[in-house]
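Produce the complete structure using the sequences and hints provided.
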Amino acid sequence: MNALLHGRLTGLLALGAVIAILPAFLPNNFYLDIAILAGFNAVVCVGLNLLIGYAGQISLGHAGFFGIGAYASGVLVGTYGWPPVLALLAGAAFVGLMAFLVAKPILRLKGHYLAMATLGIGIIVSIVLRTESGLTGGPDGMMVEPFRIFGVELYGEKVWYWVVGVLLLGVVWLSLNLIDSPMGRALRAVHGSEVAAEVVGVDTARFKVLVFVLSAVFASVAGSLFAHYAGLITPAKADFFKSIELVTMVVFGGMASTFGAVVGAVVLTLLPQALTVFQDYQQIVLGGILMATMVFMPKGLLPTLAALIPARRRA
Amino acid sequence: MFAELLQYMLSGLTIGAIYALAGLGFSIIYNASHVINFAQGEFIMVGGMASATLTASGVPLPLAILIGCGGAMLVGVLVAKFAVERARNASTVTLIIITIGASIFLRGVAELIWGKDFKRLDAFSGETPIQILGASMQPQSLWVVGTAGVLIVAIGLFFNKTLTGKAILATSHNRLAAQLVGIDVKRVVLASFALSAALGAIGGAVVAPITFSYTEMGIMLGLKGFTAAVLGGLGHGPGAVAGGLIVGVAEALGAGYISSAYKDAVAFVIILAVLLFMPNGLFGKRGTERV
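Chains as they are written, first to last, in this note's numbering: chain A, 1 to 315; chain B, 316 to 606.
These are computed hints drawn from the structure, not numbers from a lab.
Keep in mind that the hints are not guaranteed to be accurate.
Stated by the list, open to error - So, partial list: chain A residues that the calculated Cβ filter (under 10 Å) puts toward chain B:
1) ILE52
2) TYR80
3) PRO105
4) ALA117
5) GLY120
6) ILE124
7) ILE127
8) ILE244
9) VAL285
10) LEU290
11) MET291
12) PRO298
Think of the CB as a built atom: it goes at the ideal place given N, C-alpha and C, for glycine as much as any other residue.
Here's what the structure looks like:
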């Protein structure tokens with residue numbers, strides 16, 4: 001577990017191994033579908049974790065970026081006939097630019113004010129998606145064309161599983177490298193004490209903007225691919241609750257832990273599926289679990305488990 | 316033309332009064348414990364649902380409101396005691412997730428007790444509209460604005476004249492110093508949750524005849540209340556009240572003159588614009604940070 005947290009390469013290999021052998025244990029496409037959804041969530045969470053866990057900034061609007069990516073692909077490919085890759089890149093570029101423009105002034109804000117600002121952005125995006133029905137199909141959502149690249153159409157859970165798996169590995173690799181780079185150290189300094197970091201010459205604003213933009217772009221790319229995979233997108237994928245869900249996954253899995261973000265995404269994607277047996281009690285159980293984890297494991301699942309292991313060895 | 320404007324202003328002030336109460340609730344809890352309580356909207360919901368369902372089963376209205384208010388206060392104290400108090404030293408993000416967890420939990424419980432349907436509560440004093448300079452106003456609006464006004468004044472007096480109120484204020488200024496002069500800061504946190512819950516629940520009860528009550532009624536009301544509190548400067552009570560009224564009126568004007576579909580977006584557009592130029596809200600103090 002410590003290797004998972006600290007060894008860059010071993011952790012990556014372990015994740016790769018899990019992704020590689022998992023399909024052998026999944027009995028049918030239903031489970032594969034859940035694994036794919038967990039993968040998409042994990043991609044967004046790894047990015048969001050950079051922002052929350054390493055830059056110490058909270059975003060309550062990341063689903064908005066996911067939604068823009070998804071709808072960029074849906075609208076540009078479906079309505080305007082763009083090639084899917086181009087639409088994905090256009091969506092990511094747009095989100096990146098938008099994140100950059102709002103980041104500069106907003107990341108000056110601290111704590112709760114930043115939460116408010118990102119919450120506002122997310123809600124505005126979801127209201128626009130819901131209202132501009134001529135373009136987006138309104139509350140019912142819109143159908144999205146399948147993803148085609150070099151004349152090959154990505155189709156079916158088996159193909160998409162590997163696409164998402166590779167994407168996740170790539171994102172995790174990027175994120176681990178970033179954390180171990182001089183910039184990652186600067187980011188941790190920002191988290192520790194922003195003033196102190198500034199005093200020793202870290203350009204905190206620049207780093208925060210960069211991480212915010214990067215995490216928004218991750219969300220947008222995941223959104224685009226998700227739209228093609230699911231074939232149908234609705235504004236619900238971009239709303240406040242989705243944003244909360246994403247933040248919860250990061251915090252639940254363990255802030256400032258890339259693999260924690262992955263674990264959080266996987267567990268909380270599975271949880272509602274498992275909770276359907278509770279039917280009417282679903283919300284109560286979900287809310288209760290959220291509260292209990294945060295009260296008893298404020299550091300999140302993976303760091304708490306990791307802390308248990310050396311303690312046992314010593315004993 | 317004028318009548319139309321007046322009409323929008325009146326409906327804006329009505330809903331703005333509820334945002335103001337919610338915003339005040341956010342501020343009180345934030346001051347006492349530095350927690351943003353995302354379950355504030357659920358207090359409003361508890362008040363609205365309890366008064367609607369209890370009156371429907373024959374309980375007199377004032378008693379129903381009182382029971383709803385007491386129920387919400389109990390819920391608030393429980394959330395403070397068993398979730399927030401235990402996570403005292405957790406990070407901001409963790410505390411936010413805890414209160415979000417509490418709000419999901421409370422909605423779940425409410426759905427179990429009351430079901431998902433819309434509940435109707437009769438207006439307190441009839442539905443004959445009052446005509447003012449060509450605009451018409453529901454009598455219930457007067458109840459909403461009047462109740463909110465009385466509560467806001469009462470809260471002001473409470474903080475400035477009573478010992479408990481002063482203790483809460485002292486804790487918000489300096490927790491450690493307050494503890495040193497013998498203030499039981501844990502009880503202050505509990506009291507602030509109870510107070511905010513009461514404000515929310517009464518607000519929910521008076522607004523229920525206008526908006527109907529349903530288990531999800533608290534979500535948007537709560538978020539707008541948060542907007543109001545941030546707009547006025549977090550932790551600044553009068554600022555939160557002003558913020559609530561500004562948001563309410565702007566929303567009504569936006570819905571009337573621009574587009575009713577974008578009504579819910581207005582509050583968030585304003586807050587983004589304000590935060591860009593005034594990072595601490597309209598009335599918030601410029602903060603310095605200790606290393």
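- [ ] List in ascending order the numbers of the hints, as given earlier, that are violated by the structure.
- [x] 2
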